[in-house]
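Add chains B and C to chain A, keeping to what the hints say.
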Amino acid sequence: MTLDEMKPGTLCVMVDLHTAGPLGQRLMDLGFCPGANIEVVRNAPLVDPVVLHLDGYNVSIRHDEARYVEVERQ
Amino acid sequence: MKKLLVLGLLSGLLVLSVQAYAHSPLMSCFDNGDGTVTCEGGFSDGSSAAGVSMIVKGPDGNALMEGKMNQDSEYTFDKPEGAYTVVFDAGEGHGVVIDGANIVE
Amino acid sequence: MSSSLLVALAGQPNCGKSTVFNMLTGARQHVANYPGVTVEKKTGFFSLGDMRVELVDLPGTYSLTSYSLEERVARDFLLNDNPGVVIDVADASNLKRNLYLTIQLLEMEVPTVVALNMMDVATRRGQSVDIAKLEQLLSVPVVPTVAKKGEGKEAVRIAVEHAHAEKTVAPFVVDYGPLESRIDEISAMLAGDPTLGAQYPVRWLAVKLLENDHEAEVLLRRVHSAPQGVLDAVVLARAGFLEGEGRDIERHIAYARHAAAGRIAREVVAVEEGRGRSLSDRADRFICHRFLGPVILVLILLALYQVSIVFGGWLAAEVWPLWGGIETFVSDMLPAAGFAEDPLVRSLGEWVVKSMTAILNYLPIFLLLFAFIAAMEDSGYMPRMAFILDRLFRRFGLHGQSTLPMILGGVYVGGCAIPGVMATKAIPDERARLATILIVPMMNCLAKVPLYLILIDAYFPQMGGLAMFFIATVTLFMALPVAKALSLTILRKKEQAPFIMEMPPYHVPTMGGVARRSIERTWLFVKKIITVVAAVAVVIFVLINFPGLSDTRRAHYAAEEKAAIDAFMVEVDKTEYKGVITHDDVLGIILFDEALRQAKVGVTDQAVSDTINERFDTANPVYSAVVRRQGDSGRTLNRELRKVVSVRKQLRREMRTERFEGSFLGVVGRAIEPVTQYAGFNWRINIALLSAFAAKENSAATLGAIYGIDGSGQSVEESMKQEEAGFTPLHALALMLFMALYPPCIPTSIMVRHQSNSTKWMMFSIGYQSLLGLLVATLVFTGGSMLALSGFQAMWAFYALCVAVTVVMAMIPSREEARAASEDGKEPCKENCS
Numbered sequence: 001m002t003l004d005e006m007k008p009g010t011l012c013v014m015v016d017l018h019t020a021g022p023l024g025q026r027l028m029d030l031g032f033c034p035g036a037n038i039e040v041v042r043n044a045p046l047v048d049p050v051v052l053h054l055d056g057y058n059v060s061i062r063h064d065e066a067r068y069v070e071v072e073r074q
Numbered sequence: 001m002k003k004l005l006v007l008g009l010l011s012g013l014l015v016l017s018v019q020a021y022a023h024s025p026l027m028s029c030f031d032n033g034d035g036t037v038t039c040e041g042g043f044s045d046g047s048s049a050a051g052v053s054m055i056v057k058g059p060d061g062n063a064l065m066e067g068k069m070n071q072d073s074e075y076t077f078d079k080p081e082g083a084y085t086v087v088f089d090a091g092e093g094h095g096v097v098i099d100g101a102n103i104v105e
Numbered sequence: 001m002s003s004s005l006l007v008a009l010a011g012q013p014n015c016g017k018s019t020v021f022n023m024l025t026g027a028r029q030h031v032a033n034y035p036g037v038t039v040e041k042k043t044g045f046f047s048l049g050d051m052r053v054e055l056v057d058l059p060g061t062y063s064l065t066s067y068s069l070e071e072r073v074a075r076d077f078l079l080n081d082n083p084g085v086v087i088d089v090a091d092a093s094n095l096k097r098n099l100y101l102t103i104q105l106l107e108m109e110v111p112t113v114v115a116l117n118m119m120d121v122a123t124r125r126g127q128s129v130d131i132a133k134l135e136q137l138l139s140v141p142v143v144p145t146v147a148k149k150g151e152g153k154e155a156v157r158i159a160v161e162h163a164h165a166e167k168t169v170a171p172f173v174v175d176y177g178p179l180e181s182r183i184d185e186i187s188a189m190l191a192g193d194p195t196l197g198a199q200y201p202v203r204w205l206a207v208k209l210l211e212n213d214h215e216a217e218v219l220l221r222r223v224h225s226a227p228q229g230v231l232d233a234v235v236l237a238r239a240g241f242l243e244g245e246g247r248d249i250e251r252h253i254a255y256a257r258h259a260a261a262g263r264i265a266r267e268v269v270a271v272e273e274g275r276g277r278s279l280s281d282r283a284d285r286f287i288c289h290r291f292l293g294p295v296i297l298v299l300i301l302l303a304l305y306q307v308s309i310v311f312g313g314w315l316a317a318e319v320w321p322l323w324g325g326i327e328t329f330v331s332d333m334l335p336a337a338g339f340a341e342d343p344l345v346r347s348l349g350e351w352v353v354k355s356m357t358a359i360l361n362y363l364p365i366f367l368l369l370f371a372f373i374a375a376m377e378d379s380g381y382m383p384r385m386a387f388i389l390d391r392l393f394r395r396f397g398l399h400g401q402s403t404l405p406m407i408l409g410g411v412y413v414g415g416c417a418i419p420g421v422m423a424t425k426a427i428p429d430e431r432a433r434l435a436t437i438l439i440v441p442m443m444n445c446l447a448k449v450p451l452y453l454i455l456i457d458a459y460f461p462q463m464g465g466l467a468m469f470f471i472a473t474v475t476l477f478m479a480l481p482v483a484k485a486l487s488l489t490i491l492r493k494k495e496q497a498p499f500i501m502e503m504p505p506y507h508v509p510t511m512g513g514v515a516r517r518s519i520e521r522t523w524l525f526v527k528k529i530i531t532v533v534a535a536v537a538v539v540i541f542v543l544i545n546f547p548g549l550s551d552t553r554r555a556h557y558a559a560e561e562k563a564a565i566d567a568f569m570v571e572v573d574k575t576e577y578k579g580v581i582t583h584d585d586v587l588g589i590i591l592f593d594e595a596l597r598q599a600k601v602g603v604t605d606q607a608v609s610d611t612i613n614e615r616f617d618t619a620n621p622v623y624s625a626v627v628r629r630q631g632d633s634g635r636t637l638n639r640e641l642r643k644v645v646s647v648r649k650q651l652r653r654e655m656r657t658e659r660f661e662g663s664f665l666g667v668v669g670r671a672i673e674p675v676t677q678y679a680g681f682n683w684r685i686n687i688a689l690l691s692a693f694a695a696k697e698n699s700a701a702t703l704g705a706i707y708g709i710d711g712s713g714q715s716v717e718e719s720m721k722q723e724e725a726g727f728t729p730l731h732a733l734a735l736m737l738f739m740a741l742y743p744p745c746i747p748t749s750i751m752v753r754h755q756s757n758s759t760k761w762m763m764f765s766i767g768y769q770s771l772l773g774l775l776v777a778t779l780v781f782t783g784g785s786m787l788a789l790s791g792f793q794a795m796w797a798f799y800a801l802c803v804a805v806t807v808v809m810a811m812i813p814s815r816e817e818a819r820a821a822s823e824d825g826k827e828p829c830k831e832n833c834s
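Protein sequences, first through last, are from chains A, B and C. Here the first sequence is numbered in this note's numbering, starting from 1 and rising by one per residue. Here the second sequence is numbered in this note's numbering, starting from 1 and rising by one per residue. Here the third sequence is numbered in this note's numbering, starting from 1 and rising by one per residue.
Chain A extracted, bound-state conformation (with noise of 0.2 Å):
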């Protein structure tokens, strides 16, 4: 499963991301590695991007950028 198609309110733990170049590297800049926690918070007013909690603090990244982070339901 990604990351986009996960419904505000779910925890899951990342397993892989799918991306290299600088997008692949922001996220991982970011604290997006595999056995993250992160929590689905919210999406904005429309729809997209989406808000996420890990590692302690808030991240907003947009849905196409959450499809190349592959989670696990937890």
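Because the hints were derived from the structure by calculation, they are not lab data. Do not rely on the hints blindly, as some may be mistaken.
[As the list claims (entries may be wrong)] BS3-like, lysine-lysine: derived pairs with alpha carbons at most 30 Å apart:
| # | chain 1 | residue 1 | chain 2 | residue 2 |
| --- | --- | --- | --- | --- |
| 1 | A | K7 | C | K96 |
| 2 | C | K354 | C | K425 |
| 3 | C | K153 | C | K41 |
| 4 | C | K494 | C | K760 |
| 5 | C | K578 | C | K493 |
| 6 | C | K527 | C | K425 |
| 7 | C | K354 | C | K649 |
| 8 | B | K79 | C | K649 |
| 9 | B | K57 | C | K643 |
| 10 | B | K79 | C | K643 |
| 11 | B | K57 | C | K133 |
| 12 | B | K57 | B | K79 |
| 13 | C | K153 | C | K133 |
| 14 | C | K562 | C | K574 |
| 15 | C | K578 | C | K562 |
Same frame as chain A, but now just chains B and C:
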């Protein structure tokens, strides 16, 4: 369609807000001493006030005289009896109001 | 001061780095840009014993790769400017992620001091940090601080002094596991080069090269004697690792760093269990709510607009006398005015000063605006705003953070493009930022309003309100498709940043911090703008004043001048002033009259006015008698003087118009008439529009000058109607639309140059907007004429067209979206396919 709603809301609210202008309107009036008053208008950026509406109002707010700034950005009128105010009206509340009592010879 | 020390301040965004900076340096700081880029560089000073310390604030970055401009800037500074000590500010309440950067700094082998900031927030969240343990694990000094309260200042200073004195760096080594052997191999090759080995940290460079870091490769090529051999080995190592471990090296390295950061954080941070949601999270439930969120956003924007533009506009008017005073002061210094013509030095001097005060007038607006923006940044609202609106703007190639610039530029009516373009600085995505810079000048800045009003009054008097609504809103429907078109074409190749944005906890901004930033930025702006404006003003002055009038025309005006003065002298000679007032006095009397008026500007008290009158009476009793209507002769001569003054003004006006029409710019206006006629513009309108480029307000004034109103109360719109028989509402509509799209005024263009950091983009912005304006005006005018539409019909037909184009443009996928769709959704990516 929801985005159009937001957009509509946004512009709708802005329509209601007061218009404002960042170049400041300027006016100074002088009593010519011969029963006339001359007002000189302009804008802080140096642009001409030619054609800007001028209103001379009585104490009850009704217009005693109306006219426009001439091409020299000047407006001369006969000094009214009693109290009056001069309004330099550059549109949509963008203007200068001077009390006749403050116009001295 | 016996010695000096360069110290760099590094840290991730939202860790309170600027607060630490202020704590250490106090008021002794200055702001500039890093060379060649628009990244802000803050430098401050403090003393350490007898050492003078220069503290440079690096851009806040999460990492030190070379993907973003900020990261490149920070890294280049660390590598090339050789700071003696680096202070790494880390957020104690978010230690793990902050350590990710700390580790990268330590790998660069610069003496580092960790300032563990926001200790109070960590405590409030029930976290405690074992400082001693952290120091031991990182083998660098760690100082706990609460910078906003000034706690830890002395300790940081002492730690910096020690770190500088010791000089030796105990290297912090991340264990990269299976990669270690390859790192050793590359390191050995690098260490073989004598200069490189001494100048740069070898292990760090080896890791960077294996990470496929472009800038590291550039560095290698520059300093290594045989770079190709090393690079070949790197390529081999990368391929081998990918084959052996099944993942690429950059991912392996990032994961290893995170693992190291996580391990340290687990060892030193103790968390109390059972803490509820923080206040910030609860606030976000409302602020980012589906329905409440947009409402709150609109309210905040309204407040911003009211405070900066409405209240700021009022304040600007209040402050104006100061700038007016400067104008008068300079005028007094310059050679005195002539009758019909002024000395060149005077007209040029006045022009330049006027150009500058016109911008200084906006100063109160800028101060308020920057304060408001600083407050929004400090509070943490900015990322929320981008979050709420991103989806909408992204459809048009813009960014969530394009909202603010567009509001400031005048989404409805009455903004100013200068602060609008300036506010684009916050947009992280280069493509969206440029697109925003290019469309902000298309908003309805307030200087376009007078022309709209004149045209609407004259040609759409019955539907004035509707016409105003049309022009106020159609601009947005022109700007959005244009933004999309630009990002699909000319901006296609520009760097696009992913929208990954931290949503930091809310903070209450401090008055001091907000005021300081507002003043800093305003000052930076004033310094930049004023110098450029002065230079540009001179060029424009030449363009609109030269080659000047021919000798025959000058003779003609001189004759008129003489006739007016002669007529006055005939009257003088009938009074007792015969022989006292001569030909040569006439100009003096006029200037005396002007000086008297100038002295009385703003005077509302008769007593003060009397004092001024007396002063002038004493200065020159004869002139004063005429100017102040003393005695019968005074009254008669005053009446005659008015006539001379009126002739003088008329001559000046006529000469100005004639000079302008014959000037370089005027010649251009005539030359382009064959093209602009299809848009309904004759050469006079061309000239008015060309002069509006200097400042938009000029167009209304120039039209006034060209169509001439004679003081009989006839307005521009009336004389326009008379003189331009055949000028229809369709012409007016074309003119209004052209004005809406018209190139940015000069100050805005300079701002575009400043923010895009390129003259090319400034020229492009001027060029494409002129062209677009001309095309739209031609479409409306020629199309409307061919279909025999009335001005009003053409107006709404065009409106419908714009809305339709906007909707269609919103549907076109961007290059990335198109590619993502063709990838069939979930195809896993192997390399470099983001």
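**Prompt:** Which numbered conditions among the earlier hints are violated in the structure presented, ordered from lowest to highest?
**Reply:** 5, 11
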